[in-house]
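Colleague: Using the hints, position chain U against chain C.
One line per chain: the protein sequences are C and U, in this order.
For the first sequence, the numbering used here assigns the number 1 to the initial residue and increments by one for each residue that follows.
For the second sequence, the numbering used here assigns the number 183 to the initial residue and increments by one for each residue that follows.
Calculated directly from the structure, the hints in this document are not laboratory data.
As the structure is a computational prediction, the values presented were derived from the model and not from experiment.
Every residue, glycine too, gets a C-beta built ideally from N, C-alpha and C.
Don't take each hint at face value.
To spell it out: a stretch of chain C is covered by chain U in this simulated footprint if at least three of its residues, at any positions, have a beta carbon under 8 Å from a beta carbon of chain U; those stretches are [said to hold, decoys possible]:
no.	segment
1	11 to 18
2	49 to 60
3	73 to 86
4	128 to 138
5	164 to 170
Some chain U residues close to chain C (C-beta under 8 Å, calculated; not the full set) [unchecked claim]:
no.	residue
6	Thr-309
7	Thr-356
8	Leu-394
In case you want the letters, here they are:
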Amino acid sequence: MNKHQDWLRTLTLSGVIAGLYLAVSLLLAPISFSSVQFRVAEAFTLIPALSPAGVIGVSLGCFLANLLNPGNLGPVDIAGGTLATLLAGLLTRRLGRKLLQDSKAAGHPWQKRRLLLPLPTIICNMLIVGSYLPFLLLEQVSPGALALSVLTVGLGEAGVLYLIGLPLLDALQKSRIFERRA
Amino acid sequence: MTFTLGNYYPGASLLHKLDPRTKILASLLLMVVLFMINQPLPLVIFGLFLAFMIAMSGVPFRLVLKSVRPVVFLAVFAWALNVFTTPDDHYWFSWSFLHASPQGFWVGLRMAVRLFFLVMATQLCLTLTTTPLEMADGIERLLRPLARLGFPSHELAMMMSIALRFVPTLADETDKIMKAQSSRGADYDTGGAIARARGLVSVLIPLFVSALKRADELATAMEARCYRGGEGRTRLHVLRFSNKDIGASLALLLVLALLLVLEYGLL
Chain C
1 MNKHQDWLRT LTLSGVIAGL YLAVSLLLAP ISFSSVQFRV AEAFTLIPAL
51 SPAGVIGVSL GCFLANLLNP GNLGPVDIAG GTLATLLAGL LTRRLGRKLL
101 QDSKAAGHPW QKRRLLLPLP TIICNMLIVG SYLPFLLLEQ VSPGALALSV
151 LTVGLGEAGV LYLIGLPLLD ALQKSRIFER RA
Chain U
183 MTFTLGNYYP GASLLHKLDP RTKILASLLL MVVLFMINQP LPLVIFGLFL
233 AFMIAMSGVP FRLVLKSVRP VVFLAVFAWA LNVFTTPDDH YWFSWSFLHA
283 SPQGFWVGLR MAVRLFFLVM ATQLCLTLTT TPLEMADGIE RLLRPLARLG
333 FPSHELAMMM SIALRFVPTL ADETDKIMKA QSSRGADYDT GGAIARARGL
383 VSVLIPLFVS ALKRADELAT AMEARCYRGG EGRTRLHVLR FSNKDIGASL
433 ALLLVLALLL VLEYGLL
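For reference, chain C alone in the conformation it holds in the complex (with noise of 0.2 Å):
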């Protein structure tokens, strides 16, 4: 394959991840906006550990995601949304390669310590999505409440990407149909 194939793989890639996640989003719509976020699509915040093209993809599907869905809280939503995800994307890529490389190296498989993996999407999103959701609700933002919805948020995604993205990464891992795209 030539860089320009490469590069418009990656591009249609991405674009079908977007979607994916919009779909899912859009289609669970009741259960994935709320206080506590219980977004499926969430889960899909691991697919950079194995692709590239994974971190661009669930991005824009956040971006709009959170564009077209009616019960979005304006610009400051959907951009910190965003931005919370493409850093949790960017930090994944670069634990799932650094995990893929040492279990390599240490010859065991890196299913083992796959469960961090989660983790920056988690934190991402409870430092960004869980800080400034109290200021779009609240007048006077209390430590308690900056606390509490911190906390919710970071619930809410641990739940999802344990619970859902953690198995869909190992069947997706042991299908190997991201290394055949690489």
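Modeller: Below, chain U without anything else, positioned relative to chain C:
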């Protein structure tokens, strides 16, 4: 399966005909001003202006109200939190660290109203009167100056178009896979959270496999048509600012300036 992307309501109103860039920038401006006003009179005027925009757009009022439904819980939650956390001279009710104050009641109400206005204004300017593809075009044009700095604005817009184009197909695919799995005994509605989450994984994997196959086919088709990115590429629909955009922008700026004058008493 019928699946509609976004909440677009077809129409031929002035709001529908405005350039998507005008609407994106207007919704940003509306949000900034909405967070700058606190007093009742500017908020009431903002509400009246919003009602005027809804009437002008031809979008049924119930549809705009429906867009607020997902944030009702959030608004009630925010109102309650404000009631119990706002300090005041006297309280209606006190228990442990919870103090319900009259001041908090009004502050909470104002925040809830502001939240409803925010959602309604964003929905009206963006999703109800602009198609997702128009929005993608508008975002690409707004980001175009960044292309000089190396930002891949065209590629981003192309990915957005691919994503939006594929959503109905992927939604259809999801429906088919869920039905196929259900016919084999899968159950998505009963059981605990873990069992339901596992059930969803069995849908997401075939969905991914099929989506990646589509991405490969699309890349081959684009390559066969000599796609080389944004350079030298022309458009079927070219976005142009018209007199309508200038008039609407000036009217909006006038109303927003009036709101700020009323809020800060600059006269």
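Colleague: Would you mind marking each hint as holding or not holding in the structure?
Modeller: The hints, checked one at a time:
1. 11 to 18: Contact hint for the segment 11 to 18 of chain C vs chain U: holds, 8 residues under 8 Å.
2. 49 to 60: With 3 residues close enough to chain U, the hint holds.
3. 73 to 86: n = 4 at 8 Å, threshold three: holds.
4. 128 to 138: Satisfied; 3 residues make the cut.
5. 164 to 170: holds (count 3)
6. Thr-309: Holds, about 6 Å.
7. Thr-356: 6 Å, holds
8. Leu-394: 6 Å, holds
When each numbered hint is compared with the structure, no violation occurs for any of them.
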